[in-house]
Each structure stands twice: as C-alpha cells, then as structure tokens.
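Q: Using the hints, position chains B, C and D against chain A.
There are 4 protein chains.
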Amino acid sequence: MEEIKINMIERPELKKTILIEGLPGIGLVGKLAGDHLKDELKAVKFAELTSTYLPPQVSIQDDGTVKLVNMEMYYWKGKENDIILLLGDFQGLTPESQYYIADRILDFGKDYDLRRLYTLGGLGTGAITHTPRVFGAATSKNLVSELEEYGIVFKGGGAIFGASGLLLGLSIPRKIEAVCLMGETHGQIIDAKSAEAVLQILTKILGVEVNMNELKKKARQTEDQINKMSQMIDTHRKSVERQQELLDENPFYIR
Amino acid sequence: MEEIKINMIERPELKKTILIEGLPGIGLVGKLAGDHLKDELKAVKFAELTSTYLPPQVSIQDDGTVKLVNMEMYYWKGKENDIILLLGDFQGLTPESQYYIADRILDFGKDYDLRRLYTLGGLGTGAITHTPRVFGAATSKNLVSELEEYGIVFKGGGAIFGASGLLLGLSIPRKIEAVCLMGETHGQIIDAKSAEAVLQILTKILGVEVNMNELKKKARQTEDQINKMSQMIDTHRKSVERQQELLDENPFYIR
Amino acid sequence: MEEIKINMIERPELKKTILIEGLPGIGLVGKLAGDHLKDELKAVKFAELTSTYLPPQVSIQDDGTVKLVNMEMYYWKGKENDIILLLGDFQGLTPESQYYIADRILDFGKDYDLRRLYTLGGLGTGAITHTPRVFGAATSKNLVSELEEYGIVFKGGGAIFGASGLLLGLSIPRKIEAVCLMGETHGQIIDAKSAEAVLQILTKILGVEVNMNELKKKARQTEDQINKMSQMIDTHRKSVERQQELLDENPFYIR
Amino acid sequence: MEEIKINMIERPELKKTILIEGLPGIGLVGKLAGDHLKDELKAVKFAELTSTYLPPQVSIQDDGTVKLVNMEMYYWKGKENDIILLLGDFQGLTPESQYYIADRILDFGKDYDLRRLYTLGGLGTGAITHTPRVFGAATSKNLVSELEEYGIVFKGGGAIFGASGLLLGLSIPRKIEAVCLMGETHGQIIDAKSAEAVLQILTKILGVEVNMNELKKKARQTEDQINKMSQMIDTHRKSVERQQELLDENPFYIR
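Protein chains in written order, with the numbering used here: chain A, 15 to 269; chain B, 15 to 269; chain C, 15 to 269; chain D, 15 to 269.
Careful, some of the hints might be misleading.
[Stated by the list, open to error] Simulated coverage check for chain C against chain B, where a stretch passes if three residues somewhere in it have a Cβ under 8 Å from a Cβ of chain B: (1) 109 to 115; (2) 220 to 231.
[Stated by the list, open to error] In the DMTMM-like style, the derived pairs of lysine to aspartate or glutamate whose C-alpha atoms are separated by at most 20 Å in a straight line are: (3) D:Lys189 / C:Glu62; (4) C:Lys19 / D:Asp77; (5) C:Lys29 / C:Asp103.
[To be verified] Across the chosen pairs, the derived CB separations fall in these ranges: (6) B:Gly171 / D:Thr139: 52 to 60 Å; (7) B:Arg129 / C:Ser159: 42 to 50 Å; (8) C:Lys19 / A:Asp76: 51 to 59 Å.
Since the hints were derived computationally from the structure, they do not count as laboratory data. A virtual CB, placed ideally from N, CA and C, is assigned to each residue, including glycine.
So that you can see chain A by itself, here it is in the shape it has in the complex (with noise of 0.2 Å):
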C-alpha cells in the first residue's frame, strides 16, 4: 500500500500557476481563508491524496455515504495566473509524514508550471485584536521587499510548523518561490475576522476579487457553533502546545 496516493480526476492543463495551501492550523485562519477562496472562485476539484500517515478513518457525510480522510486539490483559470488550492481537514500525523507530504505536494506542482506558492496560517498572539495584521516570511529577500508593499509585516523570530512551514522550507532548494501569510489571531478560538484579512492582502496579491460575505456569516455561525466547539478548541489548543512543547523539548533530549 503506498504510504501517499494522489487520484487525478481531471488532468487541467495550468499556466503559471500559483499553489495556496490552506489547511488547518491555529485559529483555523489557513482553512478558512482558503476554503472560502475555493467556494468564491469555484475552483474545480481535480484531485485527492490518501495516506496513511491522515488519521485512519472515515467521515460520515450528509446522505449517510463515507469519505475517507484526504487533501484535496482544486484549480482555478485566472487571467496571468492558473491558481491551485491545497485544501484538506487534517495534516499528517507526525513529523516524518509532515515532511513526505510536503515533497509529495511539491513534486505534484511539478506538473502544473508552478511559480509561486502561498501558505495560509494564523499568528497565535493570545490577544484579541480587532484590526488584525497579516504576517509574512519568505523565502527570498526580493519575495520580502515585492510583498511588504502590500503591507504584510515581516519580522524575524519564531517558527513556522508543518505544511506551511515546511512548503517553504523544501521549496528552497526546489528554487521555487514561497511566502506563508499568517493572519494576527489569539490562538484558541476559530477566526473568520483573521481569515478574512489574509485574503483580503492574497486577493490584492493574485488580482483577483472575492466577495467576504460568505466569509463573514461563517465567522458568525462559527460563534454560534463556539459553546458546542469550545471542547475542540480547547484540545487543539493543548495540541498545539503539546506539539510545540515536543518540538521545543527535543533538542535538549540530550547532554
């Protein structure tokens, strides 16, 4: 059994094409931002990714038929630009599987004259904002400069864990350009405000209008969905912290 599979359903052809990642991660900004991108461009799905290392189970959906766990990918005919979007509930269960999945993604790019890549995320501060920033890095000084005249703000410090950390990171030596947008939010709850901003600076980026209705009526049945959710966050929360502690711990595994 292989340990990654993608299943084309439509082989598009694509030009320039620019990949946005937007699965979950803190404050579910990624996914919100890129889910809503997809629903407003009605991107076409063309291909799914199984593996072992997602969780081994499957979703039950509305009419009573299974889905087994997977990424999705869609894509999208621009003007100058062919958009795909990487999409998806879950990432890859530990870190080795982090890393496949990422070199498996961009080994599929490969087909698709990929130019650039966006990773969507959020910047946990533990502080609510209502203005929220939109924080970037890069993987070039030139990617820096070209992107703060949209007013991201690039500082350096800290790290950026799995997928949109590590699309950046293997896409180095790969000499592809890549910029991970990360929306200000606190960190434990679903933020929608902070999704928005982030597509509000990529949909400048790539030229392309969308409404934020949709988004925003998310962000309020989100709320609503808050108290029956708030379980879920606070276990994200932790797992956030705990995968952050086992990060932060192993270095020192050692004298």
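A: What follows is chains B, C and D alone, placed relative to chain A:
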C-alpha cells in the same frame, strides 16, 4: 520478518462472499456480535493474521499453552452467500498500521469472490438506552437506500475510526460495497444488548437465523464481570477519548 | 545502517542447544536469574546484538570507557545440552521492534542446533510472598505435562509481554519447543528471591548445579540499594502499567 | 524523499581532522561551547544536514526569510589538525533517528581523514557550582589516560544520551577515537560558565587559543533572557526527565 502475515489453515472455495468484521471497539459491540455469529453459525477458522503491528504479547490459554496475538478469519457456507468473519482481540496499534491491515484484509478478500462487507461497531452516545437503534454508513447511496428498509438509521456527521471505518474507505476505490452497522451504546460499558440489536438486523439482511440466547447469557455473564473489568473499561474509555483527541488535535498541528 | 546487528566475538560449535532468555522485566526476576546463571556457569560471551531499536545511549564503565547499549549472548558447554544465554539491560523500545528482535534471535538460534527455549520473567501479584511459586506457559501440551513434574504451576489467563512472550509465540510456527518460567513476585521490588525460585527449578530441569550464595548476596545488596533505586522502581512500575494500559486500550481503539 | 540529506556548500580538503559535536543538550553546555568555538575560530560553513527526523518546521530569520531546520558543519584549518564542527538547534526526534543521524555523521567524516571526535555536553548534578569540573568518557583506556592529564575527571556510572553518546558508541566498531567532555552543570539553567570550562580544556587539548570574552558576555545576556526563557527551560528539564524515564522504563517493559 513480514509486517503482516496470513497463515492459511484451510483453503475453502467461497462464492458471492460477504465479509463481516467484528473487531473490538466502542462497547465491544462489534466484537460481541461477530463472536456470537461465529459461534452460532459454527463457522470454521481457516486463516490467522499475525502482525508486528499487533501488541507484542502472547496470551496464556486454559491448558497452559500460549497463543500469539492475532486476528482470525472464519468461513461459513450459506445458501446464497458464503460468509467470512474477521475476528480478534486487538486492532493495529498505530494509525498507519490500521491502513496496512485493512488494505491487506481487502487484498485477502479478492481470492474469495468478495461481494460485500459489513463492519460492526458501536456508536457511543453517553446515554443508557433500553431499545438501542442501529446506525449505518455506507459506500454508496444505493446501499443507503437498500438498507434503510431494514430500519437502519443513516444520518450525517461524525467519523468511524479504525478497521470499521477504513475497510469502508478503502473499499470505495476497489468498487466493493461496504456498510458499517453501529449499535447505539453508552460507550463506557460492554454492551451485549447493543450487539444483539446489530445482529438482529444483520441476520435479517443475511437471511440467516441465529439463536440469541447465548448472547443474552453473555450479556449477563459480562455484567457479572463488570466489577472486575471496570478498570479495564475505564481504561478503554480513556483510550478511545485519547485516540479521538489525537485525531482531533493533529489536524491543528500547524499554523 | 542495519536496524539489528549481531557482532560475533567467537563462533563456538554448539549441540542440542538450549537458549535461555534473561532480559529485564517485572521485578527484574528474569534478568537476575539469567545474569546469575551466566556468572556461576562462567559462560563465555560470544556475540553482541546492537540495534536502532534500543535506547540511543552509551553507558559509562568503571574505567571511564563507554559501551553502546546492547544485548549479549553467552554460551556454556554442558554434558547433554549446550546453553546459550541471552542477556542485557534493555528490550526493544517499540512494540514492532519487540517482534523484530525476537525474530532475529530465533534466526540466530538456527545456527546452533537450537532444541528448546526457556524465557525467564516475573509474575506480578501485588502481594509479598516468602515462598514464591514458579508459573509456566509453554508452546505445547506435551511441554506442559513434562514441566508440571517439576512443580511449575500452569494455569490459563493473562498474557506475557515482550521478549519472554514473543520468543514463545514466534517459536510455534518454527516448531521450536519453548517455555516461559515466571517467578511469583510483588511487581514493585527487584526480587532476587523470586529469581532464586526460578533458577532452582530451571537448574533442576537442565541438570546443572549452581551455587545460589551470590544471588542471595545480590538480593541483600539489592535491598540496600532499594532506597536509592526506589524512584526507578516506581518509574518501572508505572511503565509496566502504562505499557499494559497501552496494550489493553488499543484493542478498543475503534468502534 | 531522503530521510537524511547532506547538502555540500563547499568541498574543503581536510587533513588529520578532529570532529567536534556541539548540539543542544543538558544546560545547552555543548551547544554554547560549540557555537562559541565556531565564532572565535571563524570556522566556515561547508555542509548542511536536513532530515525528516528533525522537527517539521522552518525558523523565521531577521530579514523575514525562512530557514529549514538543519544541522550545520563548519571547518577550520589548523596547524596540526583541521577541525570540523557539527552544530545545530535540534537533535533527531526519535530514538531510532538518533542512531541514523550519528551513523551518517560518521560516514560523512570518512571523506575528511577523521582522526578523533570530541562530543560536548553537560553533566547535570542538580547543584550550583562556581568552579565546574569537566567529566569525560572515552572509547579506549589509552584515551582516558591521555586526557586525565588535562584534569578531565573519568568515573564510571551513568549514561550519555543522544548524539554525544552515540557518536562515541558507533565510533568503537569503526576504530575511531572518540571522547565526550561533559561540563558539570545544574541541569536546569543554560550554563555558559560550564561551557567555558569545557572549552578551556578542549582548546588546551587542541592547542588553539580562543578568546572567552564573548562567551562570558553570552552568559550574561543569557541570564538576562532567563526570565523569558524560564518556561522553555522548565520544558527542557521535563523533557530530559521524561526521555530519561522513557529509557529507564522501557527496559522493564516486559516480564
């Protein structure tokens, strides 16, 4: 050493075979139902699966001899359909091994004219019920329609973990029809009553008659043992929760 | 890098060999018994097993030099049977590695006319006993009958974890006779008395004479060290419990 | 994707090379000493090791660009011996990966006429000392004798975990001389003073002169940062304890 090894005891010829999975899970519902069906049908053991993914232990049997931890396959020849039962005391210890084992079981089924899969489990509600319903999830809408006629409740939401879920998820690309039947159960007790409810519906679907007396007795015996086993049950519950947490948390591993 | 590597120091010719495993476990019973037998027989080290599955560490020896963590094989030439002793300070760290190491040991035995295996351990009862019994489990009923004559108690129920269990379980398909001898022990103390009980019976079976004085001394020395080691013992106990929990829980991983 | 990849920046010709490992560990002693030596010698980075065994993350640098987690190799050309420094912010996350990485480093050394290894670390005593001693462990008695002359304390007992230990253990079969120098340290603080003690002796052995002013400053800077980092240190301490427990416990995994 092979990670998964299937040792054939007998090589029966089976036709239009239905595979039924009854491995341990919530409330032990699937295992109780599967084991009882095996006993009543006097199904014949014909294969054993051992694996480095199962716990590294032997159990001590009543005669003082040991048995390596395994999964066992039994067959029963019916009028219209032959049946394979997949039973055991354990599932794969790691997420990845769950995939490998489920995949291997489906490969195994290829040699036996496999037509359909039923995976059996419990749906934990946290509430005590005296008339447990049977919930379902299936690989196609046709199956959902067909099985709703038996009073199985199909509704969206939630997930199915481990073999009961993956055997469905991995059946989809193989174009095998597969259904999970889940008995409504508290989640923290070993629930033979829920197993009986699952079996009542399953035997109706299969067109076989099975005496439930022994299962009822088992339920009583089991309850006698509950005090002794309460610690184990608690452990079980925590494990399920922890595993669920693990799965819930890991998607958010990242920002 | 090989996951398991056996380095030969000497290549003895052995006949009708009996392999005795004395790796650490509950009460350190098996290790105490095995180490003492090695000392008294003046058995000769002839092979070392190192593995990526063992802890990533070296121990510092009295002369200031280091030794990579390993398992060691010793031989002793007897009248009727030659003996191989498998000793060490650690077992494989992961469930899977337990399988790989046990399998490799049995492969290793092939070159030495292996006739029978004895694995040594403790059976934790949670109670202090002054006349510890020796419990057994074996790969065949014949063996059970043969060994009951020595006063070994065979009774069903329970499980044997790790090397002591897997060496039995993996011996069955290889048609090697194997027995586990378990000294009754509290479970939370290092129990040289229990080790002595095991060794009394084992030496009778083997037809060798072994002076127990040093083992008795060790028992006293050990007790002197118990204060110092109490934390370790507690850790040990928790580990055994946790491992047991892990094994107990995982079967229920799923619904 | 390769599990361990070494990217060559430059291919220096080195002779009679001494490899010095300064990866993070107890008190960060080894890392502080290694980094300072690199800075003072103005050693040149010539290779980077990236690995799926390292944390799945990138760090954000001061200019807003990212760097994939790695280990770095620096060289310095001396009169008698050339030096390679192995530095980094992390060690392998799993026990097995510790073996693979150490083995790969030793393979790497083959191309550089490797004559001796020094691994640097801390020895946690739980006590504050103002004149930290330097403890040693070596691969041969000759080395012990040679190094005792420098005031290094060799005494038996204890273990050396991770790269500092495995680089020694895996050097033995390769017949490479290797020594671990451990600065006496509390264990719960970042200890530049202990690093200085290690470096005083190491530079004497190497016959190089190194200005310690910057290290002393770092010690003060570090102490200023200690409040900020206290949580991290605590995490570090717990991690070391937990890892130690893991290693201590697992031997007793079994009965």
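Q: Hint by hint, note whether the structure agrees.
A: Verification of the supplied hints:
1. Residues of the segment 109 to 115 of chain C with a Cβ under 8 Å from some Cβ of chain B number 5, which satisfies the need for three, so the listed coverage holds.
2. Counting residues of the segment 220 to 231 of chain C whose beta carbon lies closer than 8 Å to any beta carbon of chain B gives 0, which falls short of the minimum of three for the stated coverage.
3. The straight-line distance between the Cα atoms of Lys189 of chain D and Glu62 of chain C is roughly 17 Å, inside the 20 Å bound, and the hint therefore holds.
4. For a cut-off of 20 Å, the pair hint linking Lys19 of chain C to Asp77 of chain D is broken: about 47 Å separates their Cα positions.
5. For the given pair, Lys29 of chain C sits about 27 Å from Asp103 of chain C by alpha-carbon distance, which is inconsistent with the 20 Å threshold.
6. Taking 52 to 60 Å as the suggested C-beta distance range, the pair Gly171 of chain B and Thr139 of chain D conforms, at roughly 56 Å.
7. Checked against the given bound of 42 to 50 Å, the beta carbons of Arg129 of chain B and Ser159 of chain C, roughly 47 Å apart, stay inside it.
8. At about 54 Å, the CB distance of Lys19 of chain C to Asp76 of chain A agrees with the hint of 51 to 59 Å.
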